[in-house]
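Put the two chains together into one complex, using the hints given.
Those sequence lines, one after another, are chains C and D. Under the numbering used here, the first residue of the first sequence is numbered 2, with each subsequent residue one higher. Under the numbering used here, the first residue of the second sequence is numbered 144, with each subsequent residue one higher.
To be clear, the hints were calculated from the coordinates, so they are not data collected in a lab. Ideal placement from N, C-alpha and C gives every residue a C-beta, glycine not left out. Hints should not be assumed to be uniformly reliable.
[To be verified] A few chain C residues facing chain D, derived, Cβ under 7 Å: (1) 30; (2) 104; (3) 106; (4) 214; (5) 217.
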Amino acid sequence: MARAQPDREVIPVVQKLRIRYAKRGRLRFSSHRDFSRALERAVRRAALPMAYSAGFSPHPKISYVGAAPTGVASEAEYLEIGLAERRDPAWVMASLDSSLPPGLDIVECVEGQTGSLPDRIDASQWLLELPGADPAGLRAAVAAFLAEESVEVERMTKDGRRQFDARAAVVTLKVTDTTPDDVSGGTNCGILQLVVRHLTPAVRPDDVLSGLRAAAGFEVLTGTRVTRLAQGLLGEDGTIGDPLAADRGPVDQPAG
Amino acid sequence: MPVESLFARLEPLLARVQKPIQYVGGELNATLKDWDTTDVRWCLMYPDAYEVGLPNQGVAILYEVLNEREGVLAERSYAVWPDLEALMREHQVPQFTVDAHRPVKAFDLFGFSFATELGYTNMLNAIDLAGIPLLAADRGDDDPIVLAGGHAAFNPETIAEFLDAAVLGDGEQAVLRITDIVRAFKAEGSPGGREELLFRLATDGVVYVPRFYDVDYLPDGRIRRVVPNRAGIPFRVAKHTVMNLDEWPYPAKPLVPLAETVHERYSVEIFRGCTRGCRFCQAGMITRPVRERSIDTIGAMVAKGLEATGLNEVGLLSLSSADHSEIGPLAKQLADRYEGQNVSLSLPSTRVDAFNVDLANELSRNGRRSGLTFAPEGASERLRRVINKMVSEEDLIRTVTAAYANGWRQVKLYFMCGLPTETDDDVLEIARMAAEVIKAGREASGKRDIKCTVSIGPFVPKPHTPFQWAPMLDHKTIDERLLKLRKAITADRQYGKAIGMRYHDGRPAIIEGLLSRGDRRVGAVIRKVWEDGGRFDGWSEHFSYDRWERAAAEAFGDGPLSLDWYTTRERGETEVLAWDHLDSGLDKEWLWADWQDSLAAVEVEDCRWTPCFDCGVCPQLGTDIQVGPTGRVLIPLSPVVGTGAVPWPTSRG
Numbered sequence: 002m003a004r005a006q007p008d009r010e011v012i013p014v015v016q017k018l019r020i021r022y023a024k025r026g027r028l029r030f031s032s033h034r035d036f037s038r039a040l041e042r043a044v045r046r047a048a049l050p051m052a053y054s055a056g057f058s059p060h061p062k063i064s065y066v067g068a069a070p071t072g073v074a075s076e077a078e079y080l081e082i083g084l085a086e087r088r089d090p091a092w093v094m095a096s097l098d099s100s101l102p103p104g105l106d107i108v109e110c111v112e113g114q115t116g117s118l119p120d121r122i123d124a125s126q127w128l129l130e131l132p133g134a135d136p137a138g139l140r141a142a143v144a145a146f147l148a149e150e151s152v153e154v155e156r157m158t159k160d161g162r163r164q165f166d167a168r169a170a171v172v173t174l175k176v177t178d179t180t181p182d183d184v185s186g187g188t189n190c191g192i193l194q195l196v197v198r199h200l201t202p203a204v205r206p207d208d209v210l211s212g213l214r215a216a217a218g219f220e221v222l223t224g225t226r227v228t229r230l231a232q233g234l235l236g237e238d239g240t241i242g243d244p245l246a247a248d249r250g251p252v253d254q255p256a257g
Numbered sequence: 144m145p146v147e148s149l150f151a152r153l154e155p156l157l158a159r160v161q162k163p164i165q166y167v168g169g170e171l172n173a174t175l176k177d178w179d180t181t182d183v184r185w186c187l188m189y190p191d192a193y194e195v196g197l198p199n200q201g202v203a204i205l206y207e208v209l210n211e212r213e214g215v216l217a218e219r220s221y222a223v224w225p226d227l228e229a230l231m232r233e234h235q236v237p238q239f240t241v242d243a244h245r246p247v248k249a250f251d252l253f254g255f256s257f258a259t260e261l262g263y264t265n266m267l268n269a270i271d272l273a274g275i276p277l278l279a280a281d282r283g284d285d286d287p288i289v290l291a292g293g294h295a296a297f298n299p300e301t302i303a304e305f306l307d308a309a310v311l312g313d314g315e316q317a318v319l320r321i322t323d324i325v326r327a328f329k330a331e332g333s334p335g336g337r338e339e340l341l342f343r344l345a346t347d348g349v350v351y352v353p354r355f356y357d358v359d360y361l362p363d364g365r366i367r368r369v370v371p372n373r374a375g376i377p378f379r380v381a382k383h384t385v386m387n388l389d390e391w392p393y394p395a396k397p398l399v400p401l402a403e404t405v406h407e408r409y410s411v412e413i414f415r416g417c418t419r420g421c422r423f424c425q426a427g428m429i430t431r432p433v434r435e436r437s438i439d440t441i442g443a444m445v446a447k448g449l450e451a452t453g454l455n456e457v458g459l460l461s462l463s464s465a466d467h468s469e470i471g472p473l474a475k476q477l478a479d480r481y482e483g484q485n486v487s488l489s490l491p492s493t494r495v496d497a498f499n500v501d502l503a504n505e506l507s508r509n510g511r512r513s514g515l516t517f518a519p520e521g522a523s524e525r526l527r528r529v530i531n532k533m534v535s536e537e538d539l540i541r542t543v544t545a546a547y548a549n550g551w552r553q554v555k556l557y558f559m560c561g562l563p564t565e566t567d568d569d570v571l572e573i574a575r576m577a578a579e580v581i582k583a584g585r586e587a588s589g590k591r592d593i594k595c596t597v598s599i600g601p602f603v604p605k606p607h608t609p610f611q612w613a614p615m616l617d618h619k620t621i622d623e624r625l626l627k628l629r630k631a632i633t634a635d636r637q638y639g640k641a642i643g644m645r646y647h648d649g650r651p652a653i654i655e656g657l658l659s660r661g662d663r664r665v666g667a668v669i670r671k672v673w674e675d676g677g678r679f680d681g682w683s684e685h686f687s688y689d690r691w692e693r694a695a696a697e698a699f700g701d702g703p704l705s706l707d708w709y710t711t712r713e714r715g716e717t718e719v720l721a722w723d724h725l726d727s728g729l730d731k732e733w734l735w736a737d738w739q740d741s742l743a744a745v746e747v748e749d750c751r752w753t754p755c756f757d758c759g760v761c762p763q764l765g766t767d768i769q770v771g772p773t774g775r776v777l778i779p780l781s782p783v784v785g786t787g788a789v790p791w792p793t794s795r796g
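Only chain D is shown next, with the shape it has when bound in the complex (with noise of 0.2 Å):
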């Protein structure tokens, strides 16, 4: 069966609307696959603006995963503005791919990847303009299987309602899983139907299908439990881990947008996992454990890579980049191959006590000085204990000073405000720690043109992680608190003209929390939101407090439930938590003990380089820890960009 493309239909509406690039396709390493001589067709889904969907990398691998697969094709959408939504509304235009321009409709699998729970109103969007069911339990044999994935996934209970399966941890394999089911299925005629291979998926274990778990509730609103309603569907779904990155080289060829995007950059994850154990952190508890790629890979793949797409920077990615076991071999190999050749290299992540300015010095050989950025997260001592986030001022002051004294002029700290336990003083420290910084640089630097921004956001409990029964703070506290940090700044005659202060008001926050740790019950009020219009609730001109506060005040009626019940209340130990039957690895146990030991300032080490200190994870999903160093170098390769060392003309890749 032929789909048609639905570019002629969309060309005359592209004329009418803002920054039309971003809907045509066409990029440099998109792939176009045959409809017909492909069986297993997945859309992917970046439920955001183009702009900042593009260079998302979990989207990126499973793109060329998928469509190095013979006989798989796939494509990506992402979310229109509404200028363009109301005229595909207008002319009946569906949700399309960028790629073939091909209906969303007619794809086996239609996958969104999440980042952030603020997305959600823009999948809703997507599954409407593509013409499918809201609701799973209305869509038929030909609507695609609609999957969520990505970080937000490990707790897909607020959307399960509105999707078929979940996909949680690390994609590669389990798209290549998923692939392989749906082909047999589809071989064998699709015998019994949607259900039928929604059964098969779930009983695999390679998805959560939450159609197949009943939750119940008690009376106060808490969960009562949550069980398989079918023999085969297993109690609890694990999350899954790809055991050796050097096997995944990917992306390896990414995508280059003609439009601008928000990153520009060659980025390759150098490892993933962390296991520094920052207990507000969600990402470094469901990524564990640690595996490392090795620095030959690496090489390998910002050779190719920057070969392939042009690029001229390199983003060395994880969630603390200098952790790795040798990134000072690889920063300074790195420099050394693009000396002279306006490649720079960037360390987005990076902890203070694991950085050191002779491989800051590396990474900005080649390129711009500009400003460093750390994340003390809590400027008091004891909120440092708290969340686990042990690095010392000493540090911190000394790593500045050292920065400072090589030329840079510009740091910037990032905190989180509405900590467990935190009080004022906790956040009013975040001034005279800036003030300390600056009073490092002036030193070290002679000049009195020394910058420190500090950067703060309001902090949001996750699931699986130690602060999952923790009450979030109120948005007005944080407000208030954030306003008597600014007057402190302003107060400090001395430095505080040299203090930038960014902060994020803490509406949105609470949103992301009742999103985050909600149940199935939270799904009426997305669907509330997303018909009274809500998109693109990441984008503070889109986001709008009042209409999510009304649609919740509607949906929870006079009931137990409330926006205040889902973010401000604390969770005792035994309650029953919406995600309990998804597998992190974490024991539950252990992450409230940790819990614990938070409350009472207690810190706990990185099993890198001490014992393990068994949170559950190695043991649960039979993972090690893959740690260097391996002592390898990067294979010498003949420069990208032409030196006149190039002979021409030459082939190239």
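Excised from the complex, chain C in its bound form (with noise of 0.2 Å):
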């Protein structure tokens, strides 16, 4: 008899569970894959009754919503896992962050009510911390930036260099004065505060970076780090929406 799809019963999924995640310190340089490699093997451990997709070689139900680069930390990844059976939320934030190492951290699980956990998420804020960098030269960078309707900038891809505008996408740039404790360098660091919509092509925090430089050549010294702080909808004033906040019930746990 030939070797045909062997006939696993599809196991449906009975719970959407939408997880925000975190990527911080030095696992930041993890890559998308790096991450769902790791997730695939915290589910294991965990014992979680994931639902599997069918085939020669089954995959557990997760489905991510975007991801930050390799190298950038994030407060604020999300992705939706499928389970065959119902299980607490919360016992599935807790044995899953166990499960995986420190620096990849559950923040946050709750039931999928209803809708699309992607329709909820159309931008981001960002934190750039550049060590080293002068504050008026950045200010005064950030302003030409902004003053200009757009501002090409280049990026290698996977399809070769590419050439688009930066500046569309910015919502807000800010420079900030306070220093956070852990950036290495010290005294004069230059902070902004930054929120992009995602567009396509997605504009990243170095494509904003390389658009100061060409906006006003503004050059960004080595050791830049890079964190994102939210994901969700654009408020009408410049905010970002929590994108758990319509699963989240009357009476649960508080925000991450």
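Below, the structure is given as structure tokens:
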């Protein structure tokens, strides 16, 4: 008999869980592929009753919403998993978190009630720490960048060098004065707060830094640290909504 | 004395290199210990890229064995790729451990595990990046003791001038013994410094310390003699043999990397050693006798290992896994335990004559039914007698017929080229054998989509084997022979298209041959290659034959030595071999007799099933074969992966 697809039963999804996770410290150097392998192992260690896809090599039902670039930290990454049996989201959060290495941390887990998670995310808020940056020069560069209608930048992509506008996606770009203690390099550290819309092609924080160079000749020294602070729907006032708010029950746990 | 983490200095560089995750550590099950509360500190290095080094069993075992000990700290280091190396040199960041990013130079011991000699240039690079003098003779009391272990350490002579010591054989007990000696020495206030510590280690017999041996040469280049140069130093240093694998159930909690690595499975050694007696196989010769791990220990290790890692593939490792006396019950019981849980089992090394389809069906019950791989090594019956790989073509055809009838579609066959006494015809037999396999497969399955891939690697004679005297075939002849084989396969209209052929070019093997059977004079070649930029010689995109050839010509000059002298020259019975003072337990007389039998195409049996044939290992080292069957069963355990049978919320391991 020919070796056809094995007749495994497809295990249906009975519960969708939506998860916010963080990539912190040195594990910001993990790529999205690295994270997804780690998560697949973590769901096995945590003995979650995952729903699986059919076929020769069944995969657990996990779907991601975007992903921060390699080397960038994040406090607000999102994914959704499908379980074949119902579980308490708080228990899933605790067991999954303890099955992942420290630095890949589960921040929140709620049961998906309604709608689709990707539809609730169209913008990101970023924090950029630039050790050694001259604050006055940085302020001037930001002002020059914001004054432009469009700022062409270049980046290597899978399809080679690509030119695109880094300005239109930027909603806010501010220089702030607070110096976080953990930044190496200390005294003159430039800090940027950035809100960008998710457009195609995606404008990433390093594209905005390229934009500062293009618009004002501002050179960034090495050692920049970038952290995604939030993702969600962009409000009219420029703030970013919480994509899990709609799934949170009235007496549910506080946001992460 | 606190040792600072290098991470803050390394971090800005990581944004500028490929796959930075390999340098940051933080793996699940990694152990971090406080520097100041430990008194013996090991840096273990696998001198290749992280993706190759992390899954290495040897390092994984020693990392756990050492870190389980109170007061002992072990961290890991791997070879950095050239992009990071350039930045580290530019910014003066030294070689670091990935666990706590401590500078390697601060450790007491810096141990290298060598699965292959092609890692030697990476060793030199790591020593240099660490800021440790390259030559052992130039090191001071503040430098770590640089050790080598692993199979290549059975002839460490080519790297003798860079090493302080070498460990022969199983490492579990040896590293603890070394730790005890170092601890006692430090507790006494390190009297007599580095030289005294090395002397204590050498007189104990736990390691080989090259500096305590002098080598004299004859005018024709051969070695005259190797003798200790200090009283109390043993004439020969013997290998270590762990005699009860059930007492050493490691790795128990292997590291789970974030980065992608070459093997992503929980591997457990089901036995160590092999007495099949394949004459080319150094691993089989130097790891005798056979010591089985009992199946209940294996069962418990698999359960805990999967739980600790979340991996879903289990590798049952050994030199010839289907030879375990209880492999059938083991495979069946593991397959039963993980039924329906997406856990797959694999048996990496199986002999055609020990394999059966029932076993294969058990192994593939829970997972993929990918290809089957066998290693006849030689395609002609005569050649298989020469190398003592006594599997018959009937066995092969019977096995693949059953496999194709049971749904497998792909068989891979491994061969060597350049074996002693080999002719063109022997190699052309590979095409015929592959055609027979396809023919049998088409008949058994009634289908035409049957594939057979033949993979051919050049033969490299190794120390401590009956072929240690054999001449290597030059790389040009090897390449010509493989070209003839390719033509023969292409010319086969009936089966040729179903046969895939993969082969390695013969030149890296010549360098491996130089490093395998070389002596202390080869060290100058390795150093020149490294100085000339040689790194990652096991990677074809980094290996440069020309660089090695040039370095050899410079180092050997007009004297009797040459690349050919070390590789394609046949050695005589009375020649002193560079590794004669290193004792693998095998009698040199027995090895010579076996070499002569080989040339006469006479086989030797396996001592597990026939009387002892006096290879010498057991009486020399006071060991004995340990094989089952034990008749025990695996302890039934609740499934690791949730099928609904697991109550929740429960605590997990």
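Do the hints match the structure? See the list:
no., hint, verdict
1, 30, "holds (4 Å)"
2, 104, "holds (6 Å)"
3, 106, "violated (12 Å)"
4, 214, "violated (16 Å)"
5, 217, "violated (22 Å)"
Hint compliance for this structure: hints 3, 4, 5 are not met, and every other hint is.
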